[in-house]
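J.: Letter by letter, the chains look like this.
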Amino acid sequence: MMKMNNTVSLQAEALQIGAYCSIIEDLLIKHRSMSIVKILAFSFIIKKQKCLQVECFSANNTTDLVMKALSQMAGRHNELISQLPYIFQAIDLLIKNRVCDLHVTEVMCLLPESTIQQSISGFINAAIEESKTYTDRQFLKEVISIV
Amino acid sequence: LFKLEKLVLHNIDDSKTYTYEFCAGINYFVGKNDSGKTEFYTFIDYMLGANFHLYNRVWFKDSLLFAELYLNCDGIRFVLTRYLNDKNKNFFNYLDEERGESIRLEEYKARINRLLAQDDNCLRELRSFVDEDLSFRTFTLFNFLGEGRQGILNDFFDKCSDVRYSIKLPAVLNYIFNKNLAEIEKLKEEEARLASLLERLEKRIAQNEEVKNRVNRQLEVLGIDRVFSGTNTADIQAAIEEFQSLLQKKDVSKKTRTIAELEAVYTSLDEQIKIQLTTEADCKSFKASAQKQKDLLENLQVLIETKPEYAYLVTPIIQLTTELDQSISFSKYLLQESTTKELKKRRDQIRNQIIAEQSRYKVYSVPEKIKAITLVKEYLGFYDTEFSAADVKGIRSKLRETREIIRHLQNSNDTEKIEALSDDITTLYKQSKDVSDLVEYDFANQGFRIAYIKNGNTLQPQVSDEDVESGTSKNYYTGSMARHTLIQLCGYLAFLRMLINEKKYPLAPILVIDHISKPFDSKNEKAIGQVLNGAFSDIHADDLQVFMFDDKEPSNLAITANSTTNLVDKTKSGFNPFYHIPEEKGPNGLAIED
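Top to bottom, those sequences are chains C and E. Read in the numbering used here, the first sequence has 138 at position 138, and its numbers run on one by one without any break. Read in the numbering used here, the second sequence has 255 at position 255, and its numbers run on one by one without any break.
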């Protein structure tokens, strides 16, 4: 019984990390480089939305995109924290497998750009674009105050 | 009390600074053509959070890095810093405080707004009145009298040519000239009450509908060929009694996983919404975010202890989190509210999906049928029969009426206030009667006055009708740019005086005037000073700061300035002291000598 529980939790962990790996890879292929903080927040948002199939905003929005994206996750602070280890492990795996590389706090993509249909919604992509005008510190502040 | 104290400019490598000191009352800046008068004028707007770039302008590029505006608000002194090359690199801090982290333009504006908003309630009232998020930026309409629209009396504010301001102006004027504010608020409360009542009733209708559907669905499960319409309760009960006695045993069917999944999604969303609603209710988000920061830090520490191999990824985040300072956190409550609403909608959709999925499985076991019978009986008890649709209709029309009244009241004007403002403008204009033959000529007309017309935001000179006894007046059209500009100035001053005295608008008590003497000839230009002196005769110099940029000496305009500064002196050629006119080269490559 004990053993089975253990394998189940291992499987669950592997699934989580796998999901994050594919999301982060998608993110990096599209946006080439992102800081760790932004990867943490956006990969969490994307994974959550895939699971819940809930998207409140469409790509028609043009203002306050970062706030809107983050506000969808308001009240999920504890979840975010519990997911952090998986995201870190996923980034670590990707770095070890030469998918991306780390420069100080910025994760750079090593894969070529591709036109493969992406799983990330237009709204989130726009929000990521907007987030590039935020410094890491400003961004983290918003994450903490909203989520 | 709100006062700009000084403006400090820093050159491109931050090695030199230059300070412009401001005082209460009239600050007069003299400068010849091309000395940066208009640049100074726009710069003040920029420092107050205007959203435009200055960096590309030739006289700032490569010479000016950032500027600091010192201001005094009720005795507390602040330093506002804006970098010219990045509109999101701003600082806002107390005078004796270290400069913290840079803030984005939105936050910069929000903080100035907080200084200027004298009363949170008024701001909220204003917001609910115009149904739009208004800040002090909109009110800078009243602060800037520029060169561009001099002498234009309809939509007479300078910034009206900018659509961002002109679309908000009518709503703001509606608010300013409304005497029914208390009544409107009462009606709005009534409206909210009716709306919630209606919502409750509609919910009950929906519940009834739901009960009806449920009963019918269970009847389907049981295979009873009857439809519950809301009135045939007894009939249905009889049919069920009959069915119960006929019941036989059958197989047990199972539920599928999809529904379980949907349910998980539903629960998760539901929890999130609950948390959001509670945080909305409790406004101490500041405390909450400190707690969250602490949580995050603790968890990151634990992570680093258990999995040291990820330290290289986690450490920078820990550092970042630790350094985050506890500055004022502004609630993005409007945005959050709408998201919550949207999430609720999605939750309901998922619930409907669950119900739809469930009814697809058509094989029902005996226990399920027994359950169905119990359910039908119970549901029938829930059905609210005492309830009529007519009530709802009545309430709905009442609600519509209330809304109409509110709209009507919002559009109705406080004529007394408008009259008072018109008189005020006329009095100011009259101040200059002795020094200007234009004005003297105007007042020679029977019953000359300047009327403020709210629709179109127009200043309209009027004279009495020939038929004096009727007491009506007719519009009076005259040319002359100087006359119109003077009327415009009177309009600005009267507006500012009115708004400042009411003490409830997020308005900076300053008036910035650019090159007003342009349309005046030497015979009439003293009128400007007379009007300003007239305005300062009953506004205290501490309550209104005026910045004037002009090429004439203040004595020519009969202005008694509290401080006079020349923009051009030995050390500099204009407003920006670090800008040097590139030396013109002659054809032989030598500098041209004067």
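Everything labelled a hint here was simulated from the structure, so no lab data went into it. Errors might be hidden in some of the hints.
[Said to hold, decoys possible] No farther apart than 20 Å at their CA atoms in a straight line, the calculated lysine to aspartate or glutamate pairs in the EDC-like style are these: (1) K292/E - E113/C; (2) K341/E - E13/C; (3) K48/C - D270/E; (4) K48/C - E132/E; (5) K3/E - D543/E; (6) K89/E - D74/E; (7) K307/E - D64/C; (8) K168/E - E132/E; (9) K109/E - D64/C; (10) K307/E - E55/C; (11) K48/C - E79/C; (12) K572/E - E553/E; (13) K50/C - D542/E; (14) K47/C - D543/E; (15) K89/E - E130/C; (16) K274/E - D64/C.
J.: Holds or violated: are the alpha carbons of K109/E and D64/C at most 20 Å from each other?
T.: holds (15 Å)
J.: Is K292/E close enough to E113/C, meaning Cα to Cα at most 20 Å?
T.: With a Cα-Cα distance of about 37 Å, the restraint between K292/E and E113/C is violated, given a limit of 20 Å.
J.: Take the C-alpha atoms of K168/E and E132/E, compute the straight-line distance between them, and say whether it is at most 20 Å.
T.: holds (9 Å)
J.: Does D543/E lie within 20 Å of K47/C when you go C-alpha to C-alpha?
T.: violated (55 Å)
J.: Is the hinted pair K3/E and D543/E satisfied, with a Cα-Cα distance of at most 20 Å?
T.: At roughly 8 Å apart (the allowed maximum being 20 Å), D543/E and K3/E satisfy the hint.
J.: Quickly compare the C-alpha distance for K50/C and D542/E to 20 Å and report which way the hint goes.
T.: violated (59 Å)
J.: Is the Cα-Cα distance between K89/E and D74/E 20 Å or less?
T.: violated (26 Å)
J.: Is K341/E close enough to E13/C, meaning Cα to Cα at most 20 Å?
T.: violated (33 Å)
J.: Holds or violated: K48/C with D270/E, Cα cutoff 20 Å?
T.: holds (14 Å)
J.: Hinted pair, alpha-carbon criterion (20 Å max): K307/E, E55/C. Please report holds or violated.
T.: Violated: K307/E and E55/C sit about 34 Å apart, past 20 Å.
J.: If you draw a straight line from the CA of K89/E to the CA of E130/C, is it 20 Å or shorter?
T.: This hinted pair holds, its Cα atoms lying about 16 Å apart.
J.: Check whether the Cα positions of K572/E and E553/E lie no farther apart than 20 Å.
T.: holds (19 Å)
When each numbered hint is compared with the structure, violations occur for hints 1, 2, 4, 6, 7, 10, 13, 14 and 16.
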